Amino acid sequence: MSAPTVARVEGIPFRLPLTSALAWGAHSALSAAEHVLVRVTLSDGTVGQAEATPRPTIYGETTASVLGILAQLEAGLSGAAITDEAALNRVRNSVANNHTARGALDMALHDARARAQGLTLFDTLLGPNTRVRPSFILGIAPPEEMLAEARRVVAAGVRCLKVKVGREHERDLRVIRELRAEFGPDVLLYADSNETLTPETAPAALDAMREAGLMYVEEPLPARNLRARAELHAQGRLPIVADDSCFTPADLERELDFGTFDVLNVKTARNGFTDGLQMLRRAAAAGKRGMVGSQASTGLGTIHAALLSTRAEVTEPCELSFVLKLQDDLLTGEIGFRDGWLDVPSMRGLAVDEAKLSRYRLS
0 MSAPTVARVE GIPFRLPLTS ALAWGAHSAL SAAEHVLVRV TLSDGTVGQA EATPRPTIYG
60 ETTASVLGIL AQLEAGLSGA AITDEAALNR VRNSVANNHT ARGALDMALH DARARAQGLT
120 LFDTLLGPNT RVRPSFILGI APPEEMLAEA RRVVAAGVRC LKVKVGREHE RDLRVIRELR
180 AEFGPDVLLY ADSNETLTPE TAPAALDAMR EAGLMYVEEP LPARNLRARA ELHAQGRLPI
240 VADDSCFTPA DLERELDFGT FDVLNVKTAR NGFTDGLQML RRAAAAGKRG MVGSQASTGL
300 GTIHAALLST RAEVTEPCEL SFVLKLQDDL LTGEIGFRDG WLDVPSMRGL AVDEAKLSRY
360 RLS
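Heads up: the sequence shown at position 221 corresponds to 220 in numbering that gives the first Met the number 0, and the numbers run straight through without jumps.
Heads up, a few of these hints could be off.
Claimed, not checked - Estimated spans, in silico, between C-beta atoms of each pair: (1) G44 <-> Q71: 20 to 26 Å; (2) A311 <-> R223: 29 to 35 Å; (3) E177 <-> E252: 39 to 45 Å; (4) L118 <-> A203: 49 to 55 Å; (5) E181 <-> D250: 53 to 59 Å; (6) R130 <-> A284: 21 to 27 Å; (7) E84 <-> P141: 46 to 52 Å; (8) R360 <-> A86: 28 to 34 Å; (9) E9 <-> P141: 37 to 43 Å; (10) P248 <-> P141: 23 to 29 Å; (11) R173 <-> G44: 39 to 45 Å; (12) A284 <-> A203: 32 to 38 Å.
Note that these hints are calculated values from the structure, not bench results. Since the structure is predicted, the reported quantities are computational estimates derived from the model, not experimental observations. Think of the CB as a built atom: it goes at the ideal place given N, C-alpha and C, for glycine as much as any other residue.
Whole structure, please, built from the sequences with the hints as guidance.
See below:
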């Protein structure tokens, strides 16, 4: 029997409210999760799904652009066998950039391929590390609000906080010290600077972060400052996480050539499973540590990020608890955290609730 083929690709925009806004970098903020559910339907009726997370200030994508790229790629994918990964990837990569549209499409194709065989992504992607340490993205806000949110997520079972910094250095350090004083060594802390420091201010800032007990800092300098980033990394002040500088496998090769980082943050939301796995393996072969981010994904995206987080190349806490910042989700049940860990196989039975999708769907 021949393999089923791609019959339809569609995007369904939806909006989920947050408990509070997420602010990061110099001026970026997110007040709601306005994302796109990507669906791939095969000729035998099998459906694969994934979540696209447009971020205009990061990737230049919007909900409209994601829908437009999906419509453009549908023609090339239509009629292709779901088992012909090379052909599917040629079509998917026939457009440049559009990271979250292509990443979500890749994951939806993986999902459809597994289901067409009577399997799920848990059967095809689950790695050896089935318990993963989740981190929570603590956005920039008044210090008392950041502390209150930290208490809430720690009470919910998370024991690692990724603290957004970069708008006011002294205030950032005060918040970090207060977090350390309140939670002690039981809660791991690291910072995400989102490219807000300068070559002149970064050395002292990293020294202060190290002294405050942070594990590492993500993207302290602008990605365009390649030479300065290489020089800062060579100083060995604090381990550096590569994120904005490593969108693609080609970016990763450049960063490895110049020696700019210690930990690679792969995001399924922009890399999908295909490039995500490739990048983690390449970084590990070069002696780098790995983590997985979810780009403020809701429940479905979190499941997909969590699956990649179980791979052997992933050594660090992963951004898998943004669901705690949602007022509601599309899933049929809740993702649970316990004593600083997420048991990934426990999410096997979760699926998109069609009634919730109808409620939160955008026209």
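Quick rundown of the hints versus the structure:
no.	hint	result
1	G44 <-> Q71: 20 to 26 Å	24 Å, holds
2	A311 <-> R223: 29 to 35 Å	33 Å, holds
3	E177 <-> E252: 39 to 45 Å	40 Å, holds
4	L118 <-> A203: 49 to 55 Å	52 Å, holds
5	E181 <-> D250: 53 to 59 Å	37 Å, violated
6	R130 <-> A284: 21 to 27 Å	25 Å, holds
7	E84 <-> P141: 46 to 52 Å	48 Å, holds
8	R360 <-> A86: 28 to 34 Å	31 Å, holds
9	E9 <-> P141: 37 to 43 Å	41 Å, holds
10	P248 <-> P141: 23 to 29 Å	40 Å, violated
11	R173 <-> G44: 39 to 45 Å	57 Å, violated
12	A284 <-> A203: 32 to 38 Å	34 Å, holds
Hint check: violations occur at hints 5, 10, 11; the rest are consistent with the structure.
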